[in-house]
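Engineer: Input sequences plus hints: build the corresponding full structure.
Residue numbers (the working numbering), protein chains in the order written: chain V, 1 to 298; chain B, 299 to 635.
Calculated from the structure, these hints are not laboratory results.
No experiment lies behind these values; they were computed from the predicted model shown.
Check each hint, because a few of them may be wrong.
[Stated by the list, open to error] Partial list, computed: chain B residues near chain V (C-beta under 7 Å): (1) N308; (2) Y312; (3) L361; (4) L363; (5) A380; (6) R387; (7) I395; (8) A402; (9) S403; (10) I404; (11) N405; (12) I420.
Every residue gets a Cβ at the ideal spot worked out from N, C-alpha and C, and that includes glycine.
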Amino acid sequence: MADTTVSASTVEKKRINPQIENFKNVWRKLRQNRLAMAGGFLIIFFCVAAVVGPWLTSNDPNMPNVSDRLQGPSGEYWFGTDHHGRDIFTRLVHGMSITLRIGISSVIVGGTVGVFLGIISGYYGGRIDAVIMRSMDVLLAFPSILLALGIVAVLGGSITNVIIAIAIFSIPVFARIVRGSTLAVRKLEYIDAVRALGASDARIIFLHILPNIVSPIIVQATLFIATAVLSATGLSFLGLGATPPTPEWGAMLADGRNYMWDHPHIALFPGLAIALVVLAFNLFGDGVRDALDPKLKS
Amino acid sequence: MTTDLLKVRNLKQYFPIKGGILGRKVNDVKAVDDISFEVKAGETLSIVGESGCGKSTTGRAILRLDEPTSGEVEFDGKDLLALSKKDMRKMRKNLQIIFQDPYASINPRQTVRQILSEAMNIQGVVPKDKQEDRIKELMDTVGLGPHQIDRFPHEFSGGQRQRIGIARALSVDPQMIICDESVSALDVSIQAQVLNLLKKLQKELDLTYLFISHDLGVVRHISDRVLVMYLGKIVEIADKKSLFDNPKHPYTKTLLSAIPVPDPTVKKEQIILKGDVPSPIDPPSGCRFHTRCPFATDKCKNEDPELRTNDDLMASGHRAACHYIEEIESGEMQPHE
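Structural biologist: Rendered as structure tokens:
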């Protein structure tokens, strides 16, 4: 009797959920990758700063202060002031949430639509596939920033419209990757087995295909946030995104352009901030990809 | 006289080959080309043939896992190919399949409980509160212990996984199961266990099997009747005894001569075919076997032989597709070279 309980408990210990086990493996690999961890910590830092930062800064991000205009970095104004005398540091901190919001929501919107189209395309194939993928090709044929420019120009400049524009040009990127993965998973015998049991297409797609293709989606999403941030700031830089006086980083960079020679700090700090965010997401995304798919690493 | 549970009429499965700039159909792979047969309730009909002869394709076409090009598949009086997708989903309860590779045919992310309860939920055969008992009962039927219910596939051996596959097929109470090379991937000792399990289940649950295999030893063990395919066509069909003792088609004879005999003193006449199986894209005219048949004549090149019987030479139900059954039997025709 005692023997059976012992063996039962050892059996209990050995039982591992492959999903949790898989996640642990990925996490272990990710932790060993210093660059990815650095990127990850930067992302966390930016997120915390975006939420908490505006409560901690004492200056008003949008209130002009003509007497203090164009000052260099100092104890009072850490990153100096711009041509309206606004504190650049405060503006950067307030702009953080805008940047992250654009990056993350455009990926969520574009990713959702792209994943849906890609799965439909890969699962059904044939004419549906041809129609969807050809329209994706059309979208991809435009240079992405030009497409975003066009969309914002039509819809009008606002942060929401920037999100929509970036989401639209991210759709084909996700659709292509998801279609490829779906094609690979669809051919597996266990998909045929559930089909032979009478499972509906929706059940097969959401319960059996989607869970098996999340890895490439996660990688693409992380990496695309960087692209989205870059494009969003680019649009604002060109004057098509956020409207003044919103402390959007691209717009701040554009403001600094006129004072590049005499007061380079106005453009320097927003530029650095953009570069850091993009770098953080790129490093972390690369790390996630290496951890999820060791075969790609070479 | 037992009734026919499954009737296949003129089943064709062509896979288009696309090519050229516009991706137009250039040709077809004629994987299954106009075959007809029936499976009687409660029997095991085996389909044998070498790789690429269309045996698995036939199984998949019957289940509509690939939509057949044309033909009729009548199951229990209903034409499966005429059913809507929705009705077909309901119909699938009666017709199940067990796959070849137990490592590929089970979702690695699901436990045994999830796999079996999903099957029951899809068809709504067992109410939720009774599922646990039913799952344990099924596991017991296929020889798995109830303590293994929450285990994942990677915690099982190949033979045990195949048992999970069998339990999944049984979970919806099917009338008929298509076994697509179901024991080919298992090693020999496990093969025997699984085959005996399948036989036991057939007796207990009154199942009908369509057993697809290339292994003649396995086929001899499990079948009631055997159907031999070559390049998408049926060359011979007969009850097991007639087919193994009295093969009539030259191809069947060759196939049977390849079974090793576990006795080194027995001198067996081995027929070795020349050349490869021709491509199913442009199959040979007339009898498809004529390019490799030692008895082939001009008639074989031009005329497609029908499946036929000869009451003097063959048992009832034994049919072969050869022009020269009688001539070969009487020795009037001798193999060339």
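Engineer: For each hint, tell me whether it holds in the structure or not.
Structural biologist: We went through each hint and held it up to the structure:
1. Interface restraint check for B:N308: the shortest CB-CB distance to chain V comes to about 23 Å, outside 7 Å, so the restraint is violated.
2. Contact between B:Y312 and chain V, as hinted, is not supported at the beta carbon level, the nearest pair being about 16 Å apart and thus beyond 7 Å.
3. Taken as an interface hint, B:L361 checks out: its beta carbon lies about 6 Å from the nearest beta carbon of chain V, inside 7 Å.
4. The restraint placing B:L363 at the interface with chain V holds, with a minimum CB-CB distance near 5 Å, inside the 7 Å limit.
5. Restraint check, B:A380 versus chain V: the minimum CB separation of about 17 Å is more than 7 Å; hint violated.
6. Interface hint at B:R387: satisfied, since its Cβ lies 4 Å from the closest Cβ of chain V, which is below the 7 Å cut-off.
7. Below 7 Å, beta-carbon pairs count as interface contacts, and B:I395 has one with chain V at about 5 Å; its hint therefore holds.
8. A least Cβ separation of about 4 Å between B:A402 and chain V falls short of the 7 Å threshold, and the interface hint therefore holds.
9. Taking 7 Å as the C-beta contact cut-off toward chain V, the hint placing B:S403 at the interface holds, the least distance being around 4 Å.
10. Because the beta carbon of B:I404 sits about 6 Å from the nearest beta carbon in chain V, less than 7 Å, this interface hint is met.
11. A cut of 7 Å between beta carbons decides the hint on B:N405: the least distance to chain V is about 5 Å, and the hint holds.
12. The beta carbon of B:I420 is positioned within 7 Å of a beta carbon in chain V (closest approach about 5 Å), and the interface hint is therefore held.
In terms of the numbered hints stated before, the structure departs from hints 1, 2 and 5, listed from lowest to highest.
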